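Residue numbers (the working numbering), protein chains in the order written: chain A, 2 to 1042; chain B, 4 to 190; chain C, 666 to 1142.
If you're looking for bench data, these hints aren't it; they were derived computationally from the structure.
Small disclaimer: the values here were computed from a predicted structure and weren't measured.
Among the clues, some could well be false.
As the list claims (entries may be wrong) - With a cut-off of at most 25 Å between alpha-carbon atoms, the simulated BS3-like pairs for lysine-lysine come out as follows:
#1 B:K33 / C:K960
#2 A:K399 / A:K723
#3 A:K163 / A:K179
#4 A:K179 / A:K440
#5 C:K891 / B:K131
#6 C:K891 / B:K134
#7 A:K163 / A:K440
#8 A:K623 / A:K723
#9 C:K971 / C:K1126
#10 C:K891 / C:K871
#11 C:K891 / B:K32
#12 C:K960 / C:K698
#13 A:K969 / A:K892
#14 A:K163 / A:K175
#15 C:K1126 / C:K706
#16 B:K134 / C:K872
#17 A:K707 / A:K440
#18 C:K1126 / B:K32
#19 A:K163 / A:K399
#20 C:K1049 / C:K971
#21 B:K134 / C:K871
Said to hold, decoys possible - Far from chain C, some chain B residues (derived; all Cβ distances over 12 Å):
#22 P12
#23 E37
#24 G52
#25 W59
#26 G65
#27 K98
#28 F110
#29 E112
#30 K134
#31 H136
#32 C156
#33 G177
Ideal Cβ placement from N, Cα and C applies to all residues, glycine included.
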Amino acid sequence: MKSNVDGANLGESLKGKTGRRYWKSLEQLAGTPEFQKWVDDEFPHRSTLLKLDRRELLKFMGAGMMLAGLAASGCRKLPEHRVVPFIAGPEDYVPGKPVYYASIATMGGYATGVRVKTHEGRPIKLDGNPNHPASLGSLDARTQAQVLDLYDPDRLRMPTYKGDPAAWSEFFAKAGAKLEELAPNGGSGVVLVTQMVGSPTLHSQIQNFLFRHPAAQWVQYEAASRRNMIEGAAMALSPVTESHFRFDLAKVVVSLDSNVMMEGPAAARYQRDIMAGRDLGSGRTEMNRVYAVECAPTTLGVIADHRMPLRASLIPAFTRALAARLGVAGIGAAPAPAGVDENWLAAMARDLAANRGASVVVTGDHQPGTVHALVHAINEHLGNFGTTVVHTNPVLPKPTAEITALGTAVEQMKAGQVQMVLVLGGNPVYDSPADIDFKGGLDNVGFTAHLSMHDDETSGACQWRLPLSHFLEAWGDGRAFDGTASIQQPTILPLYDSKSEIEFFEALIGGAREGMEIVQDYWRGAMGEAGFDVRWHTALGDGVIAGTQLPAVQSQVLQGLGQAIAQMDDDVASGYEVVIQPDPTVFDGRFANNGWLQELPKPISNLTWDNSAQMNHDTALKLGVEIDKKYGFIPADREADMVHITVDGRTVEAAVYVNHGMADGVVLLHLGYGRTRGGKVLLPLRNKPEDHGGGFDAYRLFRSGKNPWMVVNGARFEMAGKTYPLANSQFHNTIDMTKVDSDREILEETTLSAFLSAEPVEHHENPTLYDEDMASGVIGKSNTSVEDMGWNDPNQYQWAMTIDLTLCTGCNACVVACQSENNIPTVGKYQVQRGREMHWIRIDRYYAGDGIGSEWPVNDPVIRLQPVTCMQCENAPCEPVCPVAATVHSKEGLNQMVYNRCVGTRYCSNNCPYKVRRFNFLNYGNHDDVPVKNLLNNPDVTVRGRGVMEKCTYCVQRINHARIEAKKRGDKIKDGEVTTACMDACPSRAIVFGNKSDETSRVSKLLHDKRSYKLLDHHLNTRPRTVYLSRVTNPNQEIEA
Amino acid sequence: MSHGRDTAPRAYGVVAEFQTPETLLAAAKKANAEGYRDLDAYSPIPVEGLVEAIEWDDSRLGWLVFLGGLAGIATGLGLEWWVSTVAYPHNVGGKPLFSLPAFLPVFYECTILFSAFAATFGMLALNKLPKPHHPIFNSAAGIRASQDRFVLCIEATDPQFDRDKVTRFMETLGADSVEYIETSEGY
Amino acid sequence: MPNKETFDERILTGEQSNAIIDEAIGGVVLDQKRHMHPEIKLPMGLKASPWMVLLMIGFLFVNVLLLAITALVFTGIGIWGNNQPVGWGFDIINFVWWIGIGHAGTLISAILLLLRQQWRNSINRFAEAMTIFAVLCAGMFPLLHTGRPWVAYWLFPYPNVMGLWPQFRSPLIWDVFAVSTYLTVSLLFWYVGLIPDFATLRDRAKKRAAQIVFGILSMGWRGSAKHWHRYMHASIILAGLSAPLVLSVHSIVSLDFAMSIVPGWNVTIFPPYFVAGAVYAGFAMVILFAIPLRKWYHLQDYITMKHFDWMSKVMLATGLIVCYGYAMEWFYAWYSGTAVEQSLIFNKMHLFDAPYSWAYWLLLLCNFAIPQGLWFPKLRRNFKYLFTVCLVISVGMWLERFVIIPMSLTRDYLPSSFGYYSPTIWDFAMFAGTIGFFVFMMMLFVRFLPMITIFEIKELKHHLDHDKHGHAEEVKA
């Protein structure tokens, strides 16, 4: 169906207009029927030769993004007088040279410091801010990917009232009137629903609003809240404090079903600290020891020295047993739960006791408050308070999500006692517990508005849909997990007619200040006038406000807590139990429209584009899932069986994914999928749902009861009798590892003691067919070996990389960093199923053990991870087979890929033993019809066309940038001056890149490390430049024995 | 038939038509013994011993093919050497710039290609083909020489050529028919 | 088709004379009516000759081919099943399969000529035609399997403004030279062989058009003894060149795999094993065409039971060589002692675990089990069996390439990158399209060119007569 308004001629009609005037014209345009038709039609240009869903998708996005592009072109200029750059000021701003700004990204109310890379005023990449305590320079995958949301074509572009374009002025006029009307009785009947509020400025504004409307309600809700943690603190501590951990000081870490390295406000920081304690690279000879007791494999469990799968519902009992072994007061004797090895537990307890004040016991947000409370008791008993466990006053003004308050608010709405509901951010209609009918409530309210980046489920239920600014477009502030405050500064003017929460409140209370003034005024108040401008600018420059960290406070565990807990009997699952967690990539659903995160393989499972009902092998068999008997996995060539899960009469239909290493009887569901509104990426495609993921909505089983995260009893399961294709970036058949690996030697592994006593191994040179006699004396310069021609010349830079398998946790931060740095396209679920994902770096997952038959420990396998990217082999097998010399070696040892010369025979990929080459089977990277996508592109990296091979280049654009800088200085590139994107992102610092011909460089030191080995080299003599450092574990001898 | 270089019609030769290769061969031997030198025979199939019978030989073709082969090797190997060491040197998988073993297939194929060209076009050139028309086609026998007749021709250029003498001689050979043919072409 | 035919040792039967031979073979070309019967019944009461039916079917699939190519060029390789790690699928399978089929033609006309096998005369002409059309089909795939076919000419060494040159270490460049040389030399050889027959047709043609066309094609050949002398010299030389050529071409094709490091590809036995397989498949295809054609065009006197007997024996021999290749795979999996090789064999053979084991067992059935019947003269001379076996072998040889190419790629060094390959409708369309193209060209060939070498049959008859008259066998120069 063709429409005579499409992006192109709309573009024509708008040429030369600025972003602002353009909105008026769009409002006029939006009136016209063609335009409406065109907006409603999901795929306006459905005339492609073949109906390839992703391309249709792109075409639609294209038109949308074109609008955004025009807007952006009007807004691109930076507000120099306001924004202070991180490194260089606009005064020495050079076109083509990136400019960096410090800002923050906020999640769950907590801030993480980011460094925004902008080109010509376009934010194109997010890195961590080294000055920021929650980042220390690295950044998790989710935060990095949020730069894509900025250019999301599905964002709300203008305020609408009941679907019709409206102006902000209209909204505030109406809202003001409504508030006036309700003013007499103190604004009762007004309900504010926000996400977790961490921004001091915003909080003060809300207080201000509540001061004017004392009877108004403010409900703070987020699905993934830390309610249980707060509850535990309230139960155990006096004064009630928030605790965070100094893992860098811990010699022993015990995780009781927690995932501190992936979830929570300090995930990246904790990962850095824990892994720093395991880093042997810098000549350290000791490691911390990690025990993980968990219901499903986590990144922490994968790196743990000892891991035990245990039902989530047995963790309380296990914690009591541990406390008892340690002699925590009041617990008395507590037996270890069934199936737990007494010696294991006892040995762990002894290990903890032996490291008083140098250990940390943590538990997960989904464990009930009692467990958190008891863990406090244990930590105090171990003398960790004040050393590895630090207490501060709560960072958030309102530390916890108010599920009950939300419930009552909804009741009032239904009862007609509410006249006005303002939902600021968040998506409660989608992510409120299933037994709270938020939509039903809204339908019963006279004035409803939703401030949101997308037209999502909640917007759909509100009269006013108000565009929210992306955090890269707006002023704001926030506090890190330790209270350190930072300013959120915009790096681009809003692409659309949007407002931030702060601007929204300012306007709501009739103020006229702009975002920066509001934030500045607050901090002027907080810091005092004296030298404010200097401190302000320093704060913007550094990305943190010096001295705002919260002071540690003394906090003790209440008397008699032990007895109290000893009395409690926790409910234990009789059958299967359901555990619900935020999704590892799309979280609570807020990132569901982010293609990068949708296509990012979820840690360990490597699933993309869907959530699933995860369970271990035996559980799946018991449920009647069809599983390959020999290998214990659902084969790649078969679709996954679906299962019906019913809780309280609400049923979800989920595809089963067998996740080895989960506790028996546990079914793990992830939130964030089954979205029905809010963008094209998150929606299953109409014609081919199975090709476009979308998953199922686990919120239907999410209850407002005392622990929404677990359904210990009362979940019913039956096979749905259907199948569903899951897109897995790595097939399961990596299981017969020890059998295969015995010869292939893919993963090398040792224990700390063995490593310390081991002799250095010398790496033998492999024989070559082309020795001197073979090549010499034929014709003229024929006997020139490549060395003679100056390749591998030790007097030049010779780039190399080391990847420390001890440190990799599989968090995938490197994957997104690479995607963002190198303009790597996403390909969509169907293409991933076909095995055509484009990621240049991937994290391989292996289960150790023999896959054949029952001897394989199918329910408690050893899980190993290995990041693999182009090895830059000196004898690259891909090069000799290329008929057109499109991939050749540089004199600095890079295996170069000449995109323009590639004809696409794919022979190089066939001949690559590491399978790190990626082929553009379709026009994945094409933005001709998606001009705004180009705003996101890194101008230093070629965008690859259809039919061309691509792969990791060691971020050659960064090398050349550094080369230019060094030339300008007139000296050589210093060690650490060039970093690859993956290296920057890695919170564990597992990746080191540098010049190996410089003996003093970190990388050349690591290359000579005892642990270094080259993947497959002694089979194939590929001589990789990327070298692995074998995995070292620090097991407890008593358990080993 | 009229051709570019028409001249007055003159004798081309006398043709004798036979049924079988054997009789043709015998006739050719006799004619040769009689001292006729400018002989040729036309047959639908190659007849062994025929050229020997008329004491004629030509082995230049072999040499042409040999030269073609040499040219092939030179071109193939030369191209590979020049491209990979002079014109476009690259480090390809750490292999030497001149990787002889890997270069063999290409110049091998070049050798065969050039030789085959030499053989085919050499044969045609030596046979002065293509030649759309030839005086032999002026005789009925000449036409059937491509089907089921075996034809001996004593050409007018032969020093001993005399129409009546040759015709009489031909008749003694037991030919089915003897025919005197003329040509108006520039022979 | 005739199931039982009385078998005698002769390779030329019936009352023969040069004129009869001319009529029997040349007449097919000069007389359109020869293509219009036997009539076979079609649905809806239509009637058509087998020739017409095959021509039409072929034409239909030529259009399928064009559609598939258009879709491919406009959309990209993505419409096929190829993926990571399986960079090569149907495209290269079909390439190797077609190249292989071509080999029988050259083998018959070149090697059997050198070996002075008289029975080659009746079948070499259309075997050579098959060679050329098969190579044309094969050539399409390397061109179209590239991600950017419109720049595929970069594989040829030509001077360009950028000063870029091909990379001669790549087996794909070897392919370019080998296949293009093979096509050219085959064409030359074919044409040279046709010249005397063109002359015959020229002189027999009644229609002016035919006279002119064949006159031009025959280049004025007049069968002069001196010409014959050089002519025979040239064809011996061409045969001598084609023999090593045909061996080298499939060897080089096999090097595409043998030169790589992919387990299952990096195998030293590949060159001889591929050549044998090629001859195997090629002869099967020759028989598939010979059986019906001799019937439809009443050429039983020229293509006799003896010919089929010979060809069956050749198939049996080459088939056993191929099976020896399979045996070797097991051997070095065991002998090398490396897990990659062993798990590869496991992956091929394990009936329940390996996703493609069905292909492997089917391949053994097709290429090993069923053809063993050829040991028995009775079966060799049973056309139903022979025809079926040849079909089975063609399938089997295709499966062999399937087992070698995508299957090896699905499992190489890093288990994390193990993959799975499933072709799409477009893969099948391309394949079916080339088959259609092949049939179409063959039908045009039998219509417009003598499908048996006329002058060689005459020569053969002459020699046989001599033998009958008790003359000593004369050795042909």
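Hints, one by one, checked against the model:
1. Pair hint K33 of chain B plus K960 of chain C does not hold up; C-alpha atoms about 46 Å apart against a cutoff of 25 Å.
2. Distance hint between K399 of chain A and K723 of chain A is unfulfilled; the C-alpha atoms sit about 45 Å from each other, more than 25 Å.
3. As the CA atoms of K163 of chain A and K179 of chain A are separated by approximately 17 Å, the hinted pair is consistent with the 25 Å bound.
4. Note on K179 of chain A and K440 of chain A: the hinted pairing holds, with a Cα-Cα distance of about 21 Å set against a maximum of 25 Å.
5. Taking the CA atoms of K891 of chain C and K131 of chain B, the gap is near 11 Å; set against the 25 Å cutoff, the hint holds.
6. About 15 Å separates the Cα atoms of K891 of chain C and K134 of chain B, which keeps this hinted pair within 25 Å; it holds.
7. In summary, the hint linking K163 of chain A to K440 of chain A is supported, as the alpha carbons are separated by about 15 Å, within the 25 Å threshold.
8. Annotation: proposed proximity of K623 of chain A to K723 of chain A holds, straight-line Cα distance about 17 Å (limit 25 Å).
9. Between K971 of chain C and K1126 of chain C the alpha-carbon distance is near 16 Å, which keeps this suggested pair within the 25 Å criterion.
10. A threshold of 25 Å between alpha carbons decides the hint, and for K891 of chain C with K871 of chain C the separation of about 29 Å lies outside it, so the pair is violated.
11. Distance restraint check for K891 of chain C and K32 of chain B: the Cα-Cα separation of roughly 15 Å lies within the 25 Å cut-off, and the hinted pair is therefore satisfied.
12. Of the supplied pair hints, the one linking K960 of chain C and K698 of chain C holds, its CA atoms being roughly 15 Å apart against a limit of 25 Å.
13. Of the supplied pair hints, the one linking K969 of chain A and K892 of chain A holds, its CA atoms being roughly 22 Å apart against a limit of 25 Å.
14. A hinted pair counts as satisfied when its Cα atoms are at most 25 Å apart, and K163 of chain A with K175 of chain A qualifies at roughly 14 Å.
15. The suggested pairing of K1126 of chain C with K706 of chain C is violated, with an alpha-carbon distance near 38 Å, which exceeds 25 Å.
16. Between the alpha carbons of K134 of chain B and K872 of chain C the distance comes to roughly 21 Å, so the proposed pair stays at or under 25 Å and holds.
17. Simply put, K707 of chain A and K440 of chain A have alpha-carbon atoms about 22 Å apart, close enough for the 25 Å limit, and the pair holds.
18. For the hint linking K1126 of chain C to K32 of chain B, the alpha-carbon distance of about 24 Å falls within 25 Å, and the restraint holds.
19. Of the supplied pair hints, the one linking K163 of chain A and K399 of chain A is violated, its CA atoms being roughly 33 Å apart against a limit of 25 Å.
20. Of the pairs offered as hints, the one joining K1049 of chain C and K971 of chain C holds, with about 16 Å between alpha carbons and a cut-off of 25 Å not exceeded.
21. A distance of roughly 21 Å separates the Cα atoms of K134 of chain B and K871 of chain C; the hinted pair therefore holds under the 25 Å criterion.
22. In this structure P12 of chain B is separated from chain C by more than 12 Å, as the shortest Cβ-Cβ distance comes to about 20 Å.
23. Residue placement check: E37 of chain B keeps its beta carbon more than 12 Å from all beta carbons of chain C (closest about 17 Å).
24. Under the 12 Å C-beta cut-off, the non-interface status given to G52 of chain B relative to chain C is violated; the minimum distance is some 9 Å.
25. At the 12 Å boundary, the C-beta of W59 of chain B falls inside the reach of chain C, the nearest C-beta of that chain being 6 Å off.
26. Residue placement check: G65 of chain B does not keep its beta carbon more than 12 Å from all beta carbons of chain C (closest about 7 Å).
27. Interface exclusion of K98 of chain B from chain C breaks down, the closest Cβ pair being 6 Å apart, not more than 12 Å.
28. The non-interface label for F110 of chain B is inconsistent with chain C: the shortest C-beta to C-beta separation is roughly 9 Å, within 12 Å.
29. With 12 Å as the threshold on Cβ separation, the claim that E112 of chain B sits away from chain C is violated: the shortest Cβ distance comes to roughly 4 Å.
30. Against the 12 Å criterion, K134 of chain B falls within the reach of chain C, whose nearest CB is about 4 Å from its own CB.
31. The beta carbon of H136 of chain B sits about 7 Å from the closest Cβ of chain C, which is not more than 12 Å, so the claim that it is off the interface is violated.
32. At roughly 9 Å, the least C-beta separation between C156 of chain B and chain C is not larger than 12 Å, which violates its mark as non-interface.
33. Taking the minimum C-beta to C-beta distance to chain C, about 19 Å, the non-interface status of G177 of chain B holds against the 12 Å cut.
Against the hints set out earlier in the document, violations occur for numbers 1, 2, 10, 15, 19, 24, 25, 26, 27, 28, 29, 30, 31 and 32.
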